[in-house]
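Using the sequences and the accompanying hints, generate a full structural model.
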Amino acid sequence: EPEVTQTPSHQVTQMGQEVILRCVPISNHLYFYWYRQILGQKVEFLVSFYNNEISEKSEIFDDQFSVERPDGSNFTLKIRSTKLEDSAMYFCASTTGDGNEQFFGPGTRLTVL
Amino acid sequence: GQNIDQPTEMTATEGAIVQINCTYQTSGFNGLFWYQQHAGEAPTFLSYNVLDGLEEKGRFSSFLSRSKGYSYLLLKELQMKDSASYLCAVGYSGAGSYQLTFGKGTKLSVIP
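As you go down the protein sequences, you meet chains A and B in turn. Going by my numbering, the final residue of the first sequence carries number 434, and the count climbs one at a time with no gaps. Going by my numbering, the final residue of the second sequence carries number 140, and the count climbs one at a time with no gaps.
Quick caveat, the hints were computed from the structure, so don't treat them as lab data. Here the structure is a predicted model, which means the values were calculated and not measured. Some hints could be false.
Capping the alpha-carbon separation at 20 Å, the derived lysine to aspartate or glutamate pairs in EDC-like fashion look like this [what the hints assert, rightly or not]:
(1) K363/A <-> D80/B
(2) K132/B <-> E406/A
(3) K404/A <-> E422/A
(4) K132/B <-> E389/A
(5) K132/B <-> E324/A
(6) K85/B <-> E422/A
Below, the structure is given as structure tokens:
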């Protein structure tokens, strides 16, 4: 069964450093999302992406964040200058149609020291 | 704004039935989802309601009342592996696109 994959599974970085989190959505999906979950807290929407552009972004998704679909398969989330409070699990999700069931990847656990 | 409430924790016995409630106040409602999340893992889809009524899917059922801003997830014949967090998520269409707003989740413990 096709699934969303994410790399790396764990990322440890120093405050102020740039990180890139990678996702490979399910191949025939057209809508892509990033969510984050701080330990012990709820899953929070960051951004949605369709047709090579951002459709919607939350207040969390400030100028330090960016997303890109550099080729036909990868979907990346970049954090330019990480802060301690960026430490969280980051989930990528994809779906065939806006409003349909979203399939989540296994997540990348980001730890900022 | 979006506000979703669900109980923080519940405990139930193996083989029993448990109902997890969710209430919401949102703008632009366009469907309610239930996800299961085991500790340290990704959410996995369980069910989806966009119209009022009951949706049944094996041991899991979900109910929606849009006028009351209320949903529940019903789990029957509980198994130990059902111990997980259950996330209520409201789908809504923002200015640009569809997005999910999640509740804090209900941690269900199934005991022998």
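>> Please verify whether K363/A and D80/B have alpha carbons no more than 20 Å apart.
In response: violated, 26 Å
>> For K85/B and E422/A, compute the direct alpha-carbon distance and say whether it is at most 20 Å.
In response: holds, 15 Å
>> With the threshold set at 20 Å, check whether the alpha-carbon distance from K404/A to E422/A stays at or below it.
In response: Violated, at about 32 Å.
>> Run the distance test for K132/B versus E389/A: straight-line Cα separation, threshold 20 Å.
In response: Outside the cut-off at roughly 29 Å; violated.
> Is K132/B close enough to E324/A, meaning Cα to Cα at most 20 Å?
Replying inline: Not satisfied, since the Cα-Cα distance of roughly 25 Å exceeds 20 Å.
>> For a C-alpha distance cap of 20 Å, please report whether K132/B and E406/A respect it.
In response: holds, 19 Å
In this structure, the earlier hints numbered 1, 3, 4 and 5 are contradicted, and the remaining ones agree with it.
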